[in-house]
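Following the hints, put chain B in place on chain A, whose structure we already have.
Protein chains in written order, with the numbering used here: chain A, 1 to 302; chain B, 1 to 782.
Since the hints were made in silico from the structure, they are not lab data.
Note that beta-carbon positions come from the ideal geometry of N, C-alpha and C, so glycine has one too.
Errors might be hidden in some of the hints.
A short, non-exhaustive set of chain A residues, derived as facing chain B with CB atoms under 10 Å [what the hints assert, rightly or not]: (1) His80; (2) Tyr95; (3) Ala96; (4) Ser302.
Derived contacts from chain B toward chain A, CB cut-off under 8 Å, selection only [to be verified]: (5) Gln588; (6) Ala675; (7) Thr716; (8) Ala723.
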Amino acid sequence: MNGIVFDIQKFSIHDGPGIRTTVFLKGCPLRCLWCHNPESQERAAEISLIPSKCIGCGHCFHACPQGGHVMGEDGNRAFHRERCQRCGVCAEKCYAKALELIGREMTVEEVIAEVEKDKPFYETSGGGMTVSGGEPLFQFEFTLALLQEAKRRGLHTCIETSGFAPFERLEQIRPLVDLFLYDYKETDPARHQEYTGAPREVIVDNLIRLDQLGAKTILRCPIIPGLNARADHFAGIAAMANRLHNILEVNLMPYHPLGQSKSERIGKPAPMDDVTFPEAATVAAWEATVAAATRVPVKKGS
Amino acid sequence: MNSEKPTARLSSSIATLRSDVMARKGSFVSTVNPLLCDVALWRSFTPGQSRVQRRAAFLRELVVLAPVEIGPVWTLAGEHLRPLHAGVGACGNPELAARFAEFGIDAAEAENVRRCAAAWNGDTGTTMPRGTLHTDVGVAAPGSHNGKGGWGGATGMDVFWSIGWVENHSVRDFAKVIRIGFAGILAEIDAALAGGDLTDPDFPRKENFWRGARSVCEAGMLLGKRYAERAAERAAASADSDDKARLERMAEACAQVPARGARNFHEAVQALWFAHILTCGEDGINANSIGRLDQILFPYGQAGLADGSLTQDAALELMEELACKLYLDYDVQAITLGGVDRHGNCGVNDLSYLILEATRNVGFIRDVSIRVSKNSPPRFLRLAAELIVEGGGIPFLFNDDCFIKALTDRGIAVEDARDYAPIGCIELTIPGKANPHAVSGWFNAAKCLELALFDGADPRTGVQLGPKTGTLGDHPTFESLLAAYDTQVEFFARRMAYHCNRGELQQRERGPLPCWSIMTDDCIARGRDITDGGAIYNYHSICLLGTANTADSLMAVKKWVYDEKQLGAAELLDALRTDFAGKEELRQRLLRDAPKYGNDTEEVDLLAKRVDDHFIDLMDTLRSPLGGRYFVHLFSFLCNLDFGRCLGATPDGRKAGEPIAYSLSAQQGRDERGATAMLKSLARLPHNRAAGASAAIIELDPAVVEGEPGVERLTTLIRAALAMDIGQLQFNVVTVEKLRQAQKDPEHFGDLPVRVAGFSQKFKLVPPDLQEHIIARTKHTS
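Pulled out of the complex, with its shape left as it was, chain A reads as follows (with noise of 0.2 Å):
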């Protein structure tokens, strides 16, 4: 069973309880404008440029059969992206990684060998697997027997999902899941599907049938100021986590302007380069707001 895995990130500690390792599988139905991974929304592979770490060595000027890279007529290097066949022969010869495929086709094998190589963190510090993407079920067998092989190990697993997907599958994996990080982005139907191009109905639906089920989960809210840094959300939000019997935890998640710079390396233009951090004073009048508003613990997160 292969996947095509973007990332597997060590020592995260933001996705889940403990010390984790996170794998970041490629594809995702939404299209959310702050997306701050956006080379996780295609699910084909997708060559990143950063130009500062050019050296101008040239291999990729003749590695690319496409004439991809080429000498541009300002004397700086130049990347065709229309010509681009995402082949990563270019990236395999840039030593300088300057260019890189992001999107590797990984077996369950590989990835689990990888995320047990810090077991020895999880023991002590009770922390685990947490499945990410992208929309892990938009790669569903392949999360399916990724959980299926990480349970067969003992590890602790979490995912980490818009919960846009048929029921079902959500219904398969919830025994194989310890804790669901499930995002909550937008109260307002029309604005959901405006901000995140796909409807709120399915995936508030999903969630309480999760909860009916007995799953727990951590409810994750990216709050974006101009959008949904709004009292009627606020509310919404405090309103859902009320709703559910089987939540540890409502999490604010900041925005934050890191998708922008990854956006441009890998060719697309940043969908909101006007929005910048939210003030700390802020953030902290966002939390406060909620949790006058519910008895489930809110926190910050990121």
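Coordinates of chain B only, in the frame set by chain A:
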């Protein structure tokens, strides 16, 4: 945070002591006459005395002449005997001539003092810098360096550097002084003298030692007596009843200790402090270490708390006062807490916590280590983690499971091995029982690999330094290259040991150390000075440098030259010789496209293990003139900079002259997969064979250890590291941004404490090149 500020928890009296000692830059009498050491030396000359007697007499004269001052508020008496920055030879300074009068010495006699000092200095062949005698004995000895082929200037440190002897690097038997006092030790010496056989051919030599040892005991007793008398005078003259009571208590304590055994907790601490300043008077402060303070003081603290004569608060304040007494800008007077006792039971006690708490409260960058293991009490680890996240880089962690095994495997009795304590930075000793010859030699594995690639010749100068083992192109297989590397290591390691052995002999001939000796078993029973085989355990410890660079370089050569066969030997050697001029692409390939130590990649980590194991195996076969073994420190101190300067470009993509890796850390910036991967790599190395201890600094993003979850996280990281048998760990919790700010504005931000190399220091006191090195290895915030 700024750890050079006291916490709010500090009482006003300790805050006063803290300011006082910082203003004086340590426990020194600021008005002391800089000619003190010269005059003491001159007064100690008595015709017909042996050298050991003369050394002892010198110490006694220091005690006689040193000014006795008692500051306000202090409850502990005693200032260092020697001036901060003057040793024997200050009398050569004509500007100081007028100050001879303070000792009642006229011009004619002053000339005698000068001749006496000149003879002493000339005799020892040193210039006696910075107030210590004989510090540089081995260093100054001809041929003790291999000074050829320096790449970045004549530092003389390229393949190895031998000292053979380092004064003051030890932990002396403070427990014994506290228990029986110098009078008790004197009685032991007299018994030995009385029991000696006049016809024993060795008796005259033993007698010289015993007579010198008697003088040291007398000096120790006199030290307490002088302070007792001064305190009594001051008490009599004091109009303030609190102050009078303080001085009367002090007079009473000093009348008891260090002459006789301590009767309570306060006297135990006072005795320890007197013994410390006495022994520092003999061979300098530097790394004259305290050892297992919680174990030494526990019986007295426990008794006091039990009978109600001592309260927790009073004990805490006294430990804070002791921390103030020990204050120095550069402090490597190591204190060790926790660990198992001599029977193998957990030795963590109330004082272990209390002393950590005191360390935290005074907020100095003190040199405090804890001994821990898989079985350490969770509360103890937790308190240590709390201190670490506060940012001072203390305490340092030593894993009992590793080091007790390393020591017992090398001939230390298990009860004694369980009693080990670090000296200075990380060097291990057996308190009161060993002559550890710490950091006796320094050895650069990476330079040996460079020579193995270039037929034993330095690629920059062409000078043939090592044996001709062929160039890279002459080796058909990677194994053949490894064999050439081994040959280079063995060639230089033997020479290094030879020079270490010479250093050991030189100290024996030139500088007996009777004070160290009477505080080390079995010097008195054997009638032998510490320099002459008096200690139960004699060994040398050698620092091995360049583990990461050697492994990374071997890995890159293996991958590109031997496995992939995409890089010719001549091309690589040419690129190394010319420091990758015009070959940046090749450098990037070597740098980025070959596994690097520090990322939990087994193949390269096992090469690092092989480098260490090979060197330890070799050292295990060597012996010193005293029959001592050669232990290994997997530790670089700051010398990774000097040895880096002497090393050309290396196949790991490192450019010529750049620093090599700190101790067992990855080459700076090469550990890209986070702290857990770094720890996994570290766990593959032979910590439990490094009887001199191992070392690594783990850089943590402060965000990772923020708040309560951060402390918990760090505790779990430490517990995992211990479970994986990692030997010694230090953590740095600062950001690059903070360090840059400290560089730009040292006045306001320069007090930021950083882990330097087995010790912590204020960033502003670190030299510029070392500042850059620390920044390079520090993680950027995520």
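Each hint, compared with the structure:
Taking 10 Å as the C-beta contact cut-off toward chain B, the hint placing His80/A at the interface is violated, the least distance being around 22 Å. Because the smallest distance between the Cβ of Tyr95/A and any Cβ of chain B comes to about 4 Å, under 10 Å, the interface hint for this residue holds. For Ala96/A, the shortest C-beta to C-beta distance to chain B is roughly 5 Å, which falls under 10 Å, so the interface hint holds. For Ser302/A, the interface hint holds, since its Cβ comes within 10 Å of a Cβ in chain B; the closest pair sits about 8 Å apart.
Here the hint on Gln588/B is kept, as its CB sits about 4 Å from the closest CB of chain A, short of 8 Å. For Ala675/B, the interface hint holds, the least distance from its beta-carbon to any beta-carbon of chain A being 6 Å, beneath 8 Å. Restraint check, Thr716/B versus chain A: the minimum CB separation of about 4 Å is within 8 Å; hint holds. The beta carbon of Ala723/B comes within 6 Å of a beta carbon in chain A, closer than 8 Å, and the hint placing it at the interface holds.
The structure fails hint 1 only (numbered hints given earlier).
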